[in-house]
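Listed here are the chains, written in short residue letters.
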Amino acid sequence: MDVAPIRAQLYDGHTAAVRAVTVRLTGVAEYSRVRVSGDGIDEAPFLRDVRIGERVGSTNRLLELPGHATLEVLDNEAFDAALRATGVRTAEQGLRGLEGRWRTALILGASALVGVGAFLWLGLPALADRAVALIPPSADTYIGEDTLRVLDKTTFEPSALASTRQVKLRAELAEITHDHQWPGAAPTLAFRRGGAIRANAIALPSGVIVLTDELVALSKDDDELRGVLAHEVGHVAHRHALRMLVQSSASTLLLAGVFGDVSGAAPLTAAAPAILVNAAYSRDFERQADDFAFAWMARHHIPPARLADLLERLGANSGGENGGFLASHPDIEERVRVAHRN
Amino acid sequence: MASDGDIDCGSFTRAQLEEAITRIDRKRFPLNYDRLTDALAERLRQERFLSCLPAPSGGLTSHELKFTGNGGEYFRIWIVNLALTIATLGIFSAWAKVRKQRYFHSNTVLDGSAFGYHAEPLKILKGRIIAAALLGAYVLALRVSLAATLVILGLIALITPWLIVKSRAFVSRVTSWRGIRFDFREDYPGAYKTLLGYLLLSVITIGLMFPRFTRERYTFLVSRTSFGDEEFDCGPRIGPFYSTAWLGGALVAGVGIVAAMLAAGAKSLILQRGLSPQVTKVRYLSLPLINYALVGPVLLGFTKARNLNEVLNHTSLGPHRFAGSFDPARLIGIYLTNVLLIVCTAGAFIPWAEVRVARYRCSAIEVKAGSPLDQISATPGRAAPGAASEEVSSFFDLDFGF
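If you're matching them up, the sequences are chains R and U in order. Position 51 of the first sequence, counting from 1, maps to 50 under numbering that gives the first Met the number 0, and the rest follow consecutively. Position 213 of the second sequence, counting from 1, maps to 212 under numbering that gives the first Met the number 0, and the rest follow consecutively.
Extracted from the complex, chain R is given alone in its bound form (with noise of 0.2 Å):
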């Protein structure tokens, strides 16, 4: 079977040399054949033996040759005509019906953004809290003496709280770790200076709860105290610190993977999608503690409104940064709103 003859450009492959020639596919299926003619070339491998280069967009196709020529088709739909009508197909040809349509474009475009962020809602903190069963505690004990350590070099300074103060709260945390099984060793207490973290309470990996002497002479009384310790307690119990590092370093890793590839913004659109996302985890994070903390109190009769108040006072001290996309945590009213609902 013949068609009609398509323009192209051929490279010998040792010159810069271009020879308008003409191409034309002979035969059918496996017997086809590239016939290339023009400016004193005539030869015709078999189309089995030439590489068909992708086309993308409207771009020319190009025809890797047996030998070292290499054929640029400079009539693309002509050349995708013949290619058809000799059976033989090539892979990009699905891909580029998808493409070729807005519709399809815009819809697959629409199902792969409810795709990424129904995984990263709710498939990838599936996934971390396995892959977390699957550490062992040890791991956590290792991480959590290895930021402590970066801490006290870093931030943190000696504590300066009575020691009858530090044997006192040791004993309220006793009394809620008490309620709850733990795999390992219960978590413990170090009181620091808090420094540039200022009024605070963290939990470690480890186990370990720090609470900073500025967030004790914040409290007005133990009550708001073994609040804040319930929701740090809240943090050991739920593993939250490995939790966020297995699923920010997934989330951080795929979105770079999709969005981190632009000239000239390639910090901004891999950092920016991570940042919101894993900020977002973070306040899952404060909301399950908090919960853990007042159904605790719930238990013990201690009003939640009582670290309400505490969190109250730590907004107006830090000067209402909170809220909003970019924070580490819920929103102050928001958390006083549902601790007045327990």
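If you're looking for bench data, these hints aren't it; they were derived computationally from the structure. Take these hints with a grain of salt, some might be off.
With beta-carbon atoms standing in for the labels, derived distance ranges [as the list claims (entries may be wrong)]:
(1) Gly-264(U) <-> Ala-173(R): 47 to 57 Å
(2) His-177(R) <-> Leu-145(U): 32 to 42 Å
(3) Trp-161(U) <-> Ala-80(R): 39 to 49 Å
(4) Leu-105(R) <-> Arg-329(U): 43 to 53 Å
(5) Leu-340(U) <-> Ala-185(R): 46 to 56 Å
(6) Ala-125(R) <-> Val-202(U): 26 to 36 Å
(7) Ala-297(R) <-> Ile-90(U): 44 to 54 Å
(8) Ala-195(R) <-> Ala-252(U): 51 to 61 Å
(9) Trp-120(R) <-> Ile-90(U): 20 to 30 Å
(10) Ala-136(U) <-> Ala-125(R): 22 to 32 Å
(11) Ala-146(U) <-> Arg-340(R): 38 to 48 Å
(12) Lys-219(R) <-> Leu-149(U): 58 to 68 Å
(13) Ala-184(R) <-> Pro-188(U): 26 to 36 Å
Per the computed footprint, the stretches of chain R lying under chain U, defined by three or more beta-carbons under 8 Å from a beta-carbon of chain U, are [unchecked claim]:
(14) 33 to 44
(15) 63 to 74
(16) 157 to 163
(17) 182 to 195
A few chain U residues that don't get close to chain R, going by computed Cβ distances all over 10 Å [claimed, not checked]:
(18) Gly-68
(19) Ser-112
(20) Ser-175
Glycine residues also receive a C-beta, built at the ideal position from the N, C-alpha and C atoms.
Please build the complex by placing chain U on the supplied structure of chain R, with the hints as guidance.
Chain U in isolation, oriented as in the chain R frame:
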């Protein structure tokens, strides 16, 4: 009537000489025939000799690079790539990369011929798996332990020059123009001297040697690259790299101060008006925003435009020269509006942003041919190496290309 031996062919063009030789009656005018063939041989010798000399500045033929792609078309390719990458849990990303590169290469046209991209997706997939494993280990280590992070950072610094060479070799050998491949000479001692040695020097001198490092890096990457049988020659001056660094630093400081003042002004205005405390988030947002959206594009646009001009204007390939006409203000404008539009459209503008950069880049690069480009010669036959190094470099953002 002409008699034999009186032909005066001194003013003949080469084509006229060739035509005369085919037409002449050799038996009737043997002397004229000899004269003609001698003249043609001499002419050919001269031409060959001339093509070996550096071209005189007047005799250069200018060829502009043209970019023929457009944002709408690339958007559809990009979004299909994205959807299939997600649907196949990342496996399609190797094919997606090849399609993207093909799109940008094949839409870059020089003297009527498009560039070609010939990487095999399977090789890229293998490379991506290795790179993802390494990057995953690195990201984990970063959060797990300081000591592990330092060890890994040290290892990365040690293998970076090797990785960059391997990666450039891969990228060069899968890139073609008119059926001729680019290549990259794997000069490892040179790579360690420039990419690690000068980097360490610039760290030790607290950045004073950084412009020198930039210059050596460009020079190394360009001059080890070859096209066909010819290696690129690259000798940019050192001065412009220093002035670009000083001016760039001053520009960034200026932009940072103005932006910080604007942010502070906006905040005090908000507080004065007694608007909701929620709005004080402005302060919280301002620092990363200034960094990502303003300082990055300004610094990158300014230094890239000026450095690329200096490099291109001092690069040659045999008798051919190059010229760069990047306008720092234009490039900064393109980068800034790209960032703004990408943020405003939640990423949907990314394909248009990339096409804008590619189009401007092509419009600012000129090839000044010292002899017909057709005469570039090549000795074919060098297979591309594995893609692992290229993928690791791009995952770790080590890409130093144009």
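Checked hints:
1. At roughly 53 Å, the beta carbons of Gly-264(U) and Ala-173(R) sit within the given window of 47 to 57 Å.
2. For the pair His-177(R) and Leu-145(U), the beta carbons lie near 34 Å from each other, so the given range of 32 to 42 Å is met.
3. Here the CB-CB span from Trp-161(U) to Ala-80(R) is close to 48 Å, well matched to the stated 39 to 49 Å.
4. Distance hint check: the CB atoms of Leu-105(R) and Arg-329(U) are about 31 Å apart, inconsistent with the given range 43 to 53 Å.
5. For Leu-340(U) and Ala-185(R), the Cβ-Cβ distance of about 53 Å falls inside the hinted range of 46 to 56 Å, so the restraint holds.
6. Between Ala-125(R) and Val-202(U) the C-beta distance comes to about 44 Å, which lies outside the given range of 26 to 36 Å.
7. In this structure, Ala-297(R) and Ile-90(U) meet the distance hint of 44 to 54 Å, their C-beta atoms being roughly 49 Å apart.
8. The beta-carbon spacing between Ala-195(R) and Ala-252(U), approximately 26 Å, falls outside the hinted interval of 51 to 61 Å.
9. Evaluation of the 20 to 30 Å hint for Trp-120(R) and Ile-90(U) yields a pass: the beta carbon distance comes to about 23 Å.
10. The hinted range of 22 to 32 Å is satisfied by Ala-136(U) and Ala-125(R), whose Cβ atoms lie roughly 23 Å apart.
11. Here the CB-CB span from Ala-146(U) to Arg-340(R) is close to 45 Å, well matched to the stated 38 to 48 Å.
12. At roughly 44 Å, the beta-carbon separation of Lys-219(R) and Leu-149(U) lies outside the given 58 to 68 Å, and the hint is violated.
13. A hinted range of 26 to 36 Å is violated for the C-beta pair Ala-184(R) and Pro-188(U), which are about 54 Å apart.
14. With 0 residues having a Cβ less than 8 Å from any Cβ of chain U, the region 33 to 44 of chain R misses the three-residue criterion, and the hint is violated.
15. Three residues within the 8 Å Cβ limit are the bar, and the region 63 to 74 of chain R against chain U gives 5, so the coverage statement holds.
16. Chain U is given as covering the region 157 to 163 of chain R, and this is violated because 0 residues of the stretch bring a CB closer than 8 Å to a CB of that chain, at least three being needed.
17. For the region 182 to 195 of chain R, the proposed coverage by chain U is not satisfied: 0 residues have a C-beta within less than 8 Å of a C-beta in that chain, short of the threshold of three.
18. Listed as a non-interface residue, Gly-68(U) fails to keep its Cβ farther than 10 Å from every Cβ of chain R; the least gap is roughly 6 Å.
19. The claim that Ser-112(U) is not at the interface with chain R is violated, since a C-beta of that chain comes within 10 Å of its own (minimum 6 Å).
20. Here Ser-175(U) does not stay apart from chain R, with its beta-carbon only about 7 Å from theirs, under the 10 Å limit.
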